[in-house]
Amino acid sequence: MKKFVLGLYAAAVFAALPSFALAAPAAAVAPTADQQTTAAVKAMLDAMEVRKNMLAMYGEMQKAMPAIMRQQAVGLIQADPKMSAEQKKEAVARVDRTLPGVVQSVGKIFSDPALIDEMITEMVPLYANNYTVAEIKQLTAFYQSPVGRKMMALTPKLSTEAMAVAQRVVTPRLGKLLNDVMQDVQKP
14 MKKFVLGLYA AAVFAALPSF ALAAPAAAVA PTADQQTTAA VKAMLDAMEV
64 RKNMLAMYGE MQKAMPAIMR QQAVGLIQAD PKMSAEQKKE AVARVDRTLP
114 GVVQSVGKIF SDPALIDEMI TEMVPLYANN YTVAEIKQLT AFYQSPVGRK
164 MMALTPKLST EAMAVAQRVV TPRLGKLLND VMQDVQKP
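For the sequence shown, my numbering begins at 14 and goes up steadily by one.
In short, the hints are calculated from the structure, not lab data. Warning: the hint list may mix true and false statements.
Computed spacing ranges between beta-carbons, pair by pair [claimed, not checked]:
1. Lys121 x Ser158: 31 to 39 angstroms
2. Val182 x Arg64: 28 to 36 angstroms
3. Gln196 x Asn143: 38 to 46 angstroms
4. Ser97 x Lys200: 15 to 23 angstroms
5. Lys65 x Ser97: 46 to 54 angstroms
Every residue, glycine too, gets a C-beta built ideally from N, C-alpha and C.
Take these sequences, add in the hints, and give me the full structure.
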C-alpha cells in the first residue's frame with residue numbers, strides 16, 4: 014500500500030513537472046510592488062484575460078490529468094521488479110479504483126475561486142520586478158491588439174499541447190530514475 018501511495022504521489026508530481034519547470038524560485042520574488050506598478054500589472058493581466066485563460070487551462074489540465082496520472086502510476090507499478098504479475102495486476106486495479114477520488118480532490122483545488130485570485134496576486138511582483146511601468150503599458154497595448162488577442166485566444170490550446178509534448182518527452186527520461194527511486198525506497 015505504501016508503494017501504491019508513493020506511486021500516486023510520484024505520478025501527481027511528475028504530471029505537474031511542466032509547470033514546476035517554469036516556476037521561479039520564491040526567494041527571487043520581491044514581497045510587494047508600488048501602487049502604480051501594481052495597477053499597471055493588473056490592467057495588463059486583465060488585457061491578457063488571465064482569469065479566463067487560467068480557468069480554461071485548469072479545465073484542460075483536469076481533462077488530461079486522469080490519463081497522465083494513471084499512465085505514471087501504471088508505469089511505476091510495471092517497472093517494479095519486486096512485484097509479481099498478479100501483484101502488478103492488483104496494484105493497477107487499486108489505481109483504477111483510487112484515481113477518480115484523487116482526481117476529484119485535485120479538481121476541488123482547481124475549482125476554488127480563491128486560487129486564481131492568489132495566483133494573480135503572486136504574479137504582480139513577477140512582472141513588477143522585471144518590467145518598468147512603461148513596458149507594462151506597452152505589453153498591455155499589445156494584448157489589446159488583434160495579434161495580442163489571437164495569442165491569448167490560442168494560449169490555452171498551446172499550453173495543453175505543450176504540456177502533452179513535455180509529458181511525452183520527459184516521461185521516457187524519468188523511467189529509469191523512478192525505477193531507481195522505487196528500489197531505494199523499498200530497501201530495508
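(request) Go through the numbered hints given earlier and state which of them the structure violates, listing their numbers in rising order. (result) Hints that this structure does not satisfy do not exist here, as all of them hold.
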